[in-house]
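K.L.:
Going line by line, the protein sequences match chains A and B. For reference, each letter of the first sequence is one residue, going 1 to 573 in our numbering. For reference, each letter of the second sequence is one residue, going 1001 to 1313 in our numbering.
By construction, these hints were calculated from the structure, which means they are not laboratory data. Model, not experiment: these values are computed from the prediction. Worth double-checking, as some hints may not be accurate.
These stretches of chain A come out as covered by chain B in the derived footprint (C-beta under 8 angstroms, 3 or more residues) [claimed, not checked]: (1) 291-304; (2) 330-337; (3) 366-379; (4) 466-473; (5) 537-548.
Far from chain B by the CB rule (all over 12 angstroms, computed), these chain A residues [to be verified]: (6) 36; (7) 75; (8) 144; (9) 180; (10) 341; (11) 357; (12) 408; (13) 439; (14) 447; (15) 504; (16) 534.
Ideal placement from N, C-alpha and C gives every residue a C-beta, glycine not left out.
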Amino acid sequence: MAQTTKPQPVLQPAGAGVAGHATVNYLNQEKGIRSWLLTLDHKRIAILYAVTLATAFLIGGILALLVRTELLTPGATIMGPDAYNQVFTMHGILMVFAFLVPSAPAIFGNFVLPLHLGAKDVAFPRLNLASYYIYLVGAILIAIALVAGQVDTGWTFYTPYSSDPARGGSVFFLTMAVFISGFSSILTGINFIVTIHKMRAPGLTWNRLPLFVWGLYATSIVQILATPVIGITMVLLFLERAFRIGIFDPALGGDPILFQHFFWFYSHPAVYIMILPGFGIISELVATFSRQRIFGYRAIALSSVAIALLGFFVWGHHMFVSGQSAISSVLFSLISFLIGIPSGIKVFNWLATLYRGSIWFQTPMLYALSFLFLFTIGGLTGITVGVLALDVHLHDTYFVVAHFHYVMVGGMFVAILGGLHYWWPKITGRMYPETPGRIAAGLIFIGFNMTFFPQFVLGTQGMPRRYYDYLPQYQDLHVLSSIGSYVLAAGLFLILGYMLWSLFKGKPAPANPWGSATLEWTNATTPPDAHNFARTPIVTRGPYDFHLAEQVVGGDGARGDGATVSAHTPQSP
Amino acid sequence: MGEKGTVWLPEGVSTLAPEIDSLFYFVFWVSVVLFLGVVSTMAYLAFRYRRRSPREIPAPVKESTLLEVAWVTVPVILVLIVFNWGFKSFIALGVAPPDTYDIQVRGRQWLWEFEYPNGTIATNELRVPVDRPVRLIMSSTDVIHSFYVPVFRVKQDVVPNRYTNVWFEATRTGEFDLFCTEYCGTQHSGMLAKVIVLSQGEFDAWVESGGGDLENLPLPEYGAMLYQQQACFTCHSTDGSVTIGPSFQGLFGSQRQLANGQTVVADENYIRESILDPQAKLVQGFPPVMPASYSALNERQVSALIAFIQEQQ
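Given only the sequences and the hints, what does the whole structure look like? Please build it.
P.N.:
If you want it as structure tokens, here you go:
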């Protein structure tokens, strides 16, 4: 066939001609600021969340850099003790409540869940938008507290230090912020559970659900059952400060340890809210970039639910030396070990998935492999602090700080970065640049370990946490940790830079650049249409049946780019 | 194990430190083995099965129930071993032997006060006899603190309105760090203290003398000692820098601008009043946070502090 060159008087939109790329899509089908701020499209809501959450993360991250810079020397380095205590408090509050708790469900859950199910949207789109605005109010209140200052209680708000009304008026804003943003979490959980139950495409049985959906389902259970407890706790703290009732303040006949029980009854399940979606993302990444079915699908699915439920019975492991009874401590320790088992099951199953796979070292896979490395350390050190006699020595030291950063940052945040790179083409229609992606992944892996591994040693050597000043013998490890934080920050700013660059100059993405087998890749354009699918997909295979991937019924754009699956598939019926 | 410090742990100086350290190293090495197993398996599999052509699609791998059962059973056995060991040592940490030497501990923002059975009170220095079980009965007068001595491997929160206990038996003499390890405000990291382990004879002599041979100590020296022991240093520097309260440098004889507009000279009477009744003459620009507990100082102690402050020029 002769190729004729003809003059091109009209500029082709980027992506024209790329397989499965839709130049008219959910991003531009409706225009104007009102169509964004009042959208009911789950994909646009995901983007609203993403922008706000990224801002929260940026501020929280800068606060972390301030903490690490102050800790370069004992005594004052760049600030006094009051400022330091406020900085680490706001870092924790922003990162936990304003970023990690909402993060994966709000961004990737909102964007991907309906697509994974073959649905047009979530069950309650208006409720979904309301969830976003409720979260936004909470985030704004946290920002006000940050500016107004005076909160130095730590993100854990222990009484009676926090219930003293003379202390920082901004504690009021924060208790209200946590109370309000809790509703966002609860409503999202309800929305997702109903969506998963009621809006699956025909043929999409529970055993064919992508594991990311199972992860979101388990997360949603925890969100609904646990979040009301922190809400009520914040109300009680507010009442205590305002009306001096005497719930927690011993001077008024209250019990300060009661606050700890209330607080951790939510905040322990909250850490599972923060990690379970991450487990789901890792399953997607490992399957796609091994092009192999997840080994032990059922084990991984059910272990998520097991973690969600068992997570309600271990809160007292934060309180072994608080003065609670020895029997309580013993029971909490035993159950905490049991909850480590399902996490181990997941790691082993992901490893087994690599066996006889076809491993592709794209950036999302580099993050998945980093996760396996870093989360294993986080999990094993969690077991370590679950050992009663060892926790006596390690509690409230840097060992605990290192442990939770390994699971929350090395685990969950790394999973978020993996998911971000994985779904970036689908969300934006652009490919991120692969080489900077790999460099950033390397910087983050190295910087993270450099920041937090020395903190395990600081902890076992006795360095307490939340310390503005410290004895000179701890300085070398602090300096190493702080330098690591700058490396980590460099990697993160690199990502911010090239992701923004890719929005304008990135290669237009095809429908399925990764050769994945889940519905958002096989049955939707890149970026998707506002209504997701032209026709409801009918599902006849599992989410990781790569050997059957050509059997996509009613697909809209399935040809991959350099990853096409057409050569080896069995004949279609 | 526990006699000398290692990379991970400081030396152990209590009777329970060796068993806790053994437990730590057991958990540590099992974790290292598991971790290396995971990482090396990952590296091997990722390399061995790396994608060689963009079009390859591996055949699905059959699942193995045996493998699933194995990697549930083995970890369960390991965690139960570790739980059991940790539980036993936890009980040992929590149950003091009979016949302990009991000391009262009061934690407050931002110092530790230790009271001995004969009424001797020491601040920020916990003297104990070696080779004798010591039990601390602890309470806070304000917010939650936590008593932590890394070399003894003991820690216990110090809570207002109730007593908590911790016990230990030190195995050698020396001076060791004592930290507050529950966040308690501005000077949480400044609430430093020392455990001073003495031989039984030295310890008895110290306690009986009411806390040291202070009768013949010259006033400025005694004042310098009290400046440390009573934790004045937490809020008042001697080098001119302002932390929470005014610096003592150049204080004596200076004009003080009070919050109520008055101006006074910082003479002996002013300093005495400010120690015994801190809010009486509050200086402008400083928060009213000096505790009233110093009203318990005796006459000689007040004179000693005045002499010490007078020396800070």
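K.L.:
For every hint, state whether the structure bears it out.
P.N.:
Cross-check of the supplied hints:
1. 291-304: With 7 residues in contact (Cβ-Cβ under 8 angstroms with chain B), the coverage given for the region 291-304 of chain A holds.
2. 330-337: holds (count 4)
3. 366-379: Coverage by chain B holds for the region 366-379 of chain A (5 residues, Cβ < 8 angstroms).
4. 466-473: holds (count 6)
5. 537-548: holds (count 3)
6. 36: 37 angstroms, holds
7. 75: At about 10 angstroms from chain B, residue 75/A fails to clear the 12 angstroms cut-off, so the statement is violated.
8. 144: Label holds. Min Cβ-Cβ 23 angstroms, cutoff 12 angstroms.
9. 180: About 25 angstroms separates residue 180/A from the closest Cβ of chain B, which puts it past 12 angstroms; holds.
10. 341: 5 angstroms, violated
11. 357: Answer for residue 357/A: violated, closest chain B Cβ roughly 5 angstroms.
12. 408: 18 angstroms, holds
13. 439: Given that every Cβ of chain B is farther than 12 angstroms from that of residue 439/A, nearest at about 19 angstroms, it holds.
14. 447: 19 angstroms, holds
15. 504: 28 angstroms, holds
16. 534: Given that every Cβ of chain B is farther than 12 angstroms from that of residue 534/A, nearest at about 27 angstroms, it holds.
In summary, the numbered hints that this structure violates are 7, 10 and 11.
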